[in-house]
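A.B. asks: Sequence:
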Amino acid sequence: MIKKFDKKDEESGSGSNPFQHLEKSAVLQEARIFNETPINPRRCLHILTKIIYLLNQGEHFGTTEATEAFFAMTRLFQSNDQTLRRMCYLTIKEMANISEDVIIVTSSLTKDMTGKEDVYRGPAIRALCRITDTTMLQAIERYMKQAIVDKVPSVSSSALVSSLLFTSFMHMVKMSYDVVKRWVNEAQEAASSDNIMVQYHALGLLYHLRKNDRLAVTKMLNKFTKSGLKSPFAYCMLIRIASKLLDETEGGHDSPLFDFIESCLRNKNEMVVYEAASAIVHMPNCTARELAPAVSVLQLFCSSPKAALRYAAVRTLNKVAMKHPSAVTACNLDLENLITDSNRSIATLAITTLLKTGSESSVDRLMKQISSFVSEISDEFKVVVVQAISALCQKYPRKHSVMMNFLSNMLRDDVSHIKGGFEYKRAIVDCIISIIEENPESKETGLAHLCEFIEDCEHTVLATKILHLMGKEGPRTPQPSKYIRFIFNRVVLESEAVRAAAVSALAKFGAQNDDLLPSVLVLLQRCMMDSDDEVRDRATFYMNVLQQKQKALNAAYIFNGLSVSIPGLEKSLHQYTLEPSEKPFDMKTVPLATAPITEQKTVATSKLPEKLAPSRQDIYQEQLAAIPEFQGLGPLFKSSEPVQLTEAETEYVVRCIKHTFAGHMVFQFDCTNTLNDQLLQKVVVQMEPSEAYEVVHCVPAPSLPYSQPGSCYTLIRLPDDDPTAVSCTFSCTMKYLVRDCDPNTGEPDDDGYDDEYVLEDLEVTVADHIQKVLKPNFGAAWEEVGDEFEKEETFALASVRTLDEAVGNIINFLGMQPCERSDKVPENKNSHVLFLAGVFRGGHDVLVRARLALADGVTMQVTVRSGDENVVDVILASVG
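Just so you know, we're using UniProt numbering here: the sequence shown kicks off at 1 and counts up by one.
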């Protein structure tokens, strides 16, 4: 009777792994048996297995240890035991990169490779190619060519896969590419083999040899698409190559390559049909009409008796429904039949697809059906369900109550069983938060569900996120007092990070509700005795601010807070301490916060990140500060997104990044020379402004070799006499010294000549002078700035027909941050109010309230507030 081990046995290690407690030294000691005569195949096989196990477990073998073991192992070639010989091949491949002089077995492997025993030949080829260096490649070339066209499929495949290893991982291609390329004729002959794997491997080798030559790949595709293939694996590879080439060449759906992929939908093999359908639905810019043939095939797969095909079909349809729900509507009946599928993964995907494609009337029925088995599916598919519900909320906002109840039940069941993972819980919380933000009517219900959840939430990240939301939305509800208990419970029961977040949330209730202020002050006084210094400091700070009872202070220090870059603040403070001054530290010298250069994933931990990721602006600040000509410009205020000044296919590719300072602008021109027979030197961009801007200095790029990008800079002084002159157009010309060079060696000529290249005009707009700043509480920020320099004007927006279009145009033109989700225009509305916040260069806050009305066109009443009158004039002048 065979003993069956379950997962717990495997985890506990109760006898399921005979090699679990192996020691390297003991195994190497045992390896001495390789030198004994006669050879004992069974014992030697067991020791080789131990060595391979240790290598795969990451055990470190020293070079001397590995070499000694390897030399002892070479004696095993004297044995004729087939299993032992094949284990020797495997060990050679594993030890090839550790042992020295492994090449001594070349003659033995070559003998096996060319011998009569087919069972040895394939593995011997793979082992030989693993240890062959560039000096030996030509010696085995004749054998490799013969092996590629060998009549034994396993030998031919081994030779092709080994050749593919060279081309894929650049094992020897750099030195011996010409040698490998001479095997093309043999590979083409193998591609006509009747064996499906040989044909597949031959096609893979041919593609890797030609993949850097688009014309050669196109010819190869034309040849094989016309002649046809017997291998379904090869067909799948052809489809992928064709898809990649279509994407690279931006070929339309009238291309012969697309016709080939579409013809594969009628192939006899299901794998090829699915590959073709998947390729079509993943193509960019596909219309519903072009997707129709692929969707029809996937619809047929939905009724397949094979679970794998049903799963593949419904998963792919689920992805299609995200972008083209109307294209999947025809499959709704088949998808509904899959709701009762015995495979819960298929049933889940079917329902989530229906949620994306179904009508508003079907939502209740679908939610009820999925409730019956949602507890039986894995977290991965629960997240898919939650994402579908989130998308459905945006589509049918009136159904928010049904969806909110369903989500809260999922969250409640999960908490009661403590079985869901962090990603699953975060998906539910994010979905509830998005519903609250999209539907004001659901605010109280959603907050109530989240309050209940944080009572048993073990994830610090989620608890702090919910507390932040409660501090933001709770004070604006009809009964804000009912949330105080839930928040203060966190101060009593939770970890330091959660307690600190709870203190901040309490302060927001006190700042916005005069009735609750006395109670909040009492609670904050208790928090001042907390064991954690962060909690005590926050409580003390907020208490002192609230006691002043000033709206401006509340707005600046409780609602909206600082909007500066934390790394920038740290550097500025450090610099201030190095150079003592009687002048107080000025926050306006600190760069503003911008988006990080890479999106940081949320981590389920109670600890804060040790170091914040540098923002794009922080990196540019350091790069510009290292250039002597720019050291006196002060802190960098804003860096724009790159602007292309040439076409992508021209001989020189130039893009510009505009860096704005308090009184200057630096234009960074990133240039790339795409001509391999030219070397450019002393590259500058000459700029001629149309307004009162003054060109101060140009910093050239010393050299631009072929395909190596370089940067040159131009410094512009902004006009002081006319503060409203923020817009300007520059004509740009790139000037440089050209030295012709040899395309192969890159060696330039001694003499050169001056030349120039006209670039596209570059425009500076008001958005280049304004940095986006988010004000979570726009009303408080509006009161904080005050109405001393408030101005208002009315404009008619020409050629704008919808409120959505008007909102988008205003945001893009001014370059300011929309607040309180005012960039979302409700449906069927004839009026809307847009709130925008930003900081004008020099550190001046600016707020815009735009009232939009739709009649024959769009009329806009703009009210601007700032602490500086010139800034208000700049905004109104630019809009006008």
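Wrong hints could be hidden among the right ones.
[As the list claims (entries may be wrong)] If you anchor each label on the Cβ, the simulated ranges turn out as follows: (1) E647 to T64: 52 to 62 Å; (2) K211 to M271: 22 to 32 Å; (3) D742 to H697: 48 to 58 Å; (4) H468 to E59: 40 to 50 Å; (5) Q623 to E189: 51 to 61 Å.
Keep in mind the hints are simulated off the structure, nothing from the lab. No experiment lies behind these values; they were computed from the predicted model shown. For every residue, glycine included, the Cβ atom is placed at its ideal position computed from N, Cα and C.
A.B. asks: Would you mind marking each hint as holding or not holding in the structure?
C.D. replies: We went through each hint and held it up to the structure:
Between E647 and T64 the Cβ separation comes to about 59 Å, which falls inside the hinted range of 52 to 62 Å. Roughly 23 Å separates the CB atoms of K211 and M271, a value that falls within the hinted 22 to 32 Å. Between D742 and H697 the Cβ separation comes to about 35 Å, which falls outside the hinted range of 48 to 58 Å. Our hint of 40 to 50 Å for H468 and E59 holds, since their Cβ atoms are close to 48 Å apart.
Taking the beta carbon of each, Q623 and E189 are about 55 Å apart, inside 51 to 61 Å as hinted.
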